[in-house]
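Student: Sequence:
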Amino acid sequence: MKYKISEKRAAFLSKAFFEYSFKENVLDRELLEEINEPIELDFIAKNHNYDDGNDLLLAIVTHPYCDISTVKMILHRADVEGYLTDAERSGDFELIKAIITHLDNGFYKHEKFYYDPVSDPGALSFDVEELKKYIKEDAVLFNKPRGKKLETSFADNFHRRDLKFYNGTIKTVKSSQALKLITDRCNFIFKVPEGDFRIVKDNTIKSFIDCYTFPSVIKDRFGANEKKLRKVIMQPDLVIENDDILVVLFLFNSQAIQLENAATNVSTMMRNEFFYIPAFIEIVAVEENFDKIARIKHSDTWFAVSKGMQVKINDVGNLKFLRLILVEKGGVLFSFSVVSDQQQNLNNEVIKNLISNCSLE
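Be aware that the sequence shown starts at 6, since it is given in the numbering used here, and climbs by one per residue.
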């Protein structure tokens, strides 16, 4: 019984199962059936791209080595609310039905790993009491979490996003008109938009970071302390502003979060970002249908756009409004945070204008 996967094995499993349909491959059921370590099934499920569909998850929840914690995670990330309201018409009906059937038959025997949906940014909300009406053995799913915690420290996970870990040649060139990234797999240019935008100076950004204090939840929710996280925090690659909005651009190593040449996996990209955001700012409120991620195609590449959030930034007086724009290319994740005092300043036209100033090749 293992509690850790080697980097070599993780890379092998990722190549075999992560975004297999994007590569026009079929699910390798024979390889999956050969797995006899619950931690490997948990790893595959945890990194599943939901744009791949549910065939892989169905094979995992019916696998004899599937751990109860893995079943819990898959269920809480599924559209249970749709299952309760739309039954057979819901997209995750077969998946949830399979979990319930196997639960009631006593199929799942062990809970070796720790899973708590409260700390899972990918978990979706649903009426727990209503779902319990459909399950005979509901205690298996909703009892207090047990098992061993497997998470890498939050600070270490965040550190892996640094471009210094990028596997390849990379060069950044910044001028008063644009930021250009040159790699051996892609070129990216972001032109400073028209409209009285100005580049915020590096020393201003550094002063803000040096004085910044993290939200109080960082220790309780993420098991991290400010001192350790401050050591791995990254300075933005570009910050621009005008009288209405502030745009912060980070360049991250996407290989660390297993996103390479993403075609349509906007939900996966956003899910990763929503995991990190609360460690740095407090989300006070969100726009209706916040879980619906917009997708905009530009330069033959998909951009993911979040709905609006109202956020509290420590050491900044008033509440702000925030939207995210994400795009991945060639092992680099380009992350735009668009901030304003007024929600109307973050309308779709503003977002589309920022995207139109990006060039990817």
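In short, the hints are calculated from the structure, not lab data. Incorrect hints may appear among the rest.
Ranges of calculated distance between the beta carbons of each label pair, as one might list FRET restraints [claimed, not checked]:
1) Gly200 / Arg165: 17 to 23 Å
2) Glu29 / Gln240: 37 to 43 Å
3) Lys169 / Pro126: 21 to 27 Å
4) Pro283 / Gly58: 14 to 20 Å
No experiment lies behind these values; they were computed from the predicted model shown. Quick reminder that beta carbons are idealized off the backbone N, C-alpha and C, glycines included.
Student: Which numbered hints does this structure break?
Tutor: Numbers 1, 4 - these are the hints that the structure violates, sorted from lowest upward.
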